[in-house]
Amino acid sequence: MKNNIEKILVGKKKLWIQPDIPFGLLEIDFLDCLSKNLLLNKKAKSFTDVISFAFWCRRKNILNIKKNIYSNEVRVGLGSLFHITPSNVPLNFAYSFVFGFLMGNSNLVKIPSQNFLQTKIVCDEIKKIMKINKFKIFEKKNFFFKYDSKDINFTKKISSQVDGRIIWGGDSTVNELKILKTKPRTKDIFFADRFSLSVIESKKIMKCNQKDLTAIAQKFYNDGYFMDQNACSSPRIIIWYGKNNDNKLAKQKFWPQIYKIVKKKYSLEKTNAVEKYTTLCEFAGKSKESINYNNFKNLVYRIELKKININYINLKNKFGYFYELNCNKLEHIKNLITEKLQTISYFGLKKDEIKNFVLKYKFRGVDRIVPIGCSHEISFIWDGYNIDKQLTRVIEIR
Amino acid sequence: MLIEKLINYSPYEFTKNKKKKYFLKGIKKLTKHHQRKCKNYRNILKIANNENKKILGLEDFTFLPTQIFKRLELKSTADNKIVKKLVSSGTTGVQPSKIYLDKKNADDQRKVLNKIMSTIIGNERLPMLIVDQPSNLNEKNTFNARMAAIQGFSIFGRDHFYLLNNKSQIDYKNLNKFLKKFSKKKFIIFGFTGTIYENLINRLLKKNLVKDFRNGILIHGGGWKKLERLKISNKKFKQKLFKKFLIKDIYNYYGLVEQAGSLFVESKKCGYFHSTIFSDIIIRDENFNVLNKKKRGLIQLLSLLPSSYPGHNILTEDIGEIIGEDDCSCGLSGKYFLVHGRAKNSETRGCSNI
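Protein chains in written order, with my numbering: chain P, 1 to 398; chain G, 1 to 354.
Extracted from the complex, chain P is given alone in its bound form:
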């Protein structure tokens, strides 16, 4: 095992497997301590993702989560978990770890192969806290390491030993890991490639005063530009809900606000600008219909479509690139709700409206319906899974 591991960031090589009851007090203490340390860490200050993680794992929030998913069932952790996290997201591993840890499991966590400072900051703090006497037990139960994911034999070996696997990284990683043999009772959570969209009610935008408008624009920016619009929960298509004329006016009011924020906050890398432009040219070349296009100095690409032909959209649009569609009835976007659709984020219209629409047609897609601004708020319910239930087993007692 040793030879395959490039770097051990935290933990002992021999993993101690001892399933535990979810939401253990010591675990919550540990996470609260981690939260405090991260918030005090000077190096962490400039990283919003580290700060959000720190807030997320503080005691108050964890107790809140516990309250929300409380049930009378007697549950216990599966045992050992193997976390395969994406190589290009700095802190996905940290959330994945907390899921497993808090549910009473021992964790083998693959750290992103790229050297992110955020990853190091969090790992260093975890390591430090695990040296505290009362938390020493966690050092035996958790292992953070880097290895070359192309080394399939190593992945195979770990897969064959653990009680559960959490596999991020999209279709290609999922497919690679799906074919590996695991123990018969090993539970897997697969996170496949997904896409997301936003629905905005035009009338509501029309009614916004400047303050409201700035607020919703900021929320939209957070959703649309986080992780370069390349997360599965990033909106790639914007649905304008209302009469055509209202939609037109709402767009005129809305997009300049977005541009204002993007100009101030987003840094567009040169290669990404070229890639975005390439995606546009490819789409334009293949598209049969006339397209209205606006680019706000390259920072916000808006492609207005009369109808969406999902075949022409590879849904790889990122770095601030949005397809737009008018609709005055949700029924018009039925063909977009495929099994690949993860999140519908909304503004204006009531959530029940979307809920009723989704329930009426019983689509195979849509796992999340959340207000704009909350697209990336990760929780124990994610991508259609109750993660807490997946990572524990229930003991039936009568």
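It is worth saying that the hints were derived from the structure and are not from the lab. Predicted, not measured: the structure shown is a model, and the values here were computed from it. Even for Gly, the Cβ is constructed at its ideal location relative to N, Cα and C. Please note that a few of the clues may not be correct.
[Claimed, not checked] Here are some of the chain P residues that sit facing chain G, going by a computed Cβ distance under 8 Å:
hint	residue
1	270
2	271
3	273
4	274
5	278
6	282
7	287
8	293
[To be verified] In silico DSS-like pairs for lysine-lysine, Cα to Cα no more than 27 Å straight-line:
hint	chain 1	residue 1	chain 2	residue 2
9	G	39	P	286
10	P	340	G	70
11	G	98	P	288
12	G	226	P	150
13	P	286	G	85
14	P	263	G	344
15	P	329	P	360
16	G	295	P	297
17	P	316	G	39
18	G	98	P	286
19	P	288	G	37
20	P	264	G	295
21	G	54	P	288
22	G	32	P	288
23	G	46	P	307
24	P	248	G	46
25	G	46	P	306
26	G	344	P	297
27	G	54	P	260
28	G	238	G	344
29	G	54	P	286
30	P	297	G	293
31	P	316	G	98
32	G	32	P	286
33	G	28	P	286
34	P	140	P	120
With chain P's structure known, arrange chain G on it following the hints.
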């Protein structure tokens, strides 16, 4: 027609004002031509023209990104007129880019390349040492960038000799034969920058040579990713070649497969690449605003040659910087510039591994 006229002039003959009119007209004409002949290109122009921008200068024309030749089929000639296909040596899983040449386009490329290269090697064909291995065509008339460049440059040479055999080993026996026969007079050494570095500078054992390379004119280009990784500058590259082989005449060239023929050769006197009467360069920032001289940004290249595919106006992912125009100390007209390598790819974030 334009090419036939221009071919009578030196590639560095015109200053800004003389070039401006015919070049703009030429690009305009090519844009119209491709718009008529290539549907995918026409569609792309449609979207870009939505802003109703007026064409006042070269910078106002819609450019295509290099990668688009991997994603769309772009040709402006009938299938039965295609005589040659250039494909990029794409990595597995990624679509290679495809460039279709008809006879006119292929001829133009050859003529213009000849014209540009004659300024450094003269009009006489010289013996040619190719720092590479002979390659076989897998598919008739299909060339990758490497083969195309070797083939393109080969016409300036005679008595071609490939330094490497099919097993990629240095063929000392025949190298010495070549040197004995030709090294007393001028001869050409041609290869990709990385291949030359690896084989001439690193691998070749001087003690096995019977003659030196002092009369060699070394022409190299492309494939500098490796040197960038090793942090070998152009200057150091030259120093190493001089130190080991006494080669003084070293010419770096820069160009795109999409614009083969109208390449940019580094002037020996000043060390800058120069645009020619067939080509032009514009530098842009990440918002695609045009940058002034001495500012680093994305390199956009224009060429009057591509007629069988819409490659006359291309935005690359290379970073460059225009130093000046028409006032270079070396005396050549045109814009002179530096290439600083590929734009840094900030690691793309996101949920799926790429």
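Non-conforming hints, listed in increasing numerical order: none
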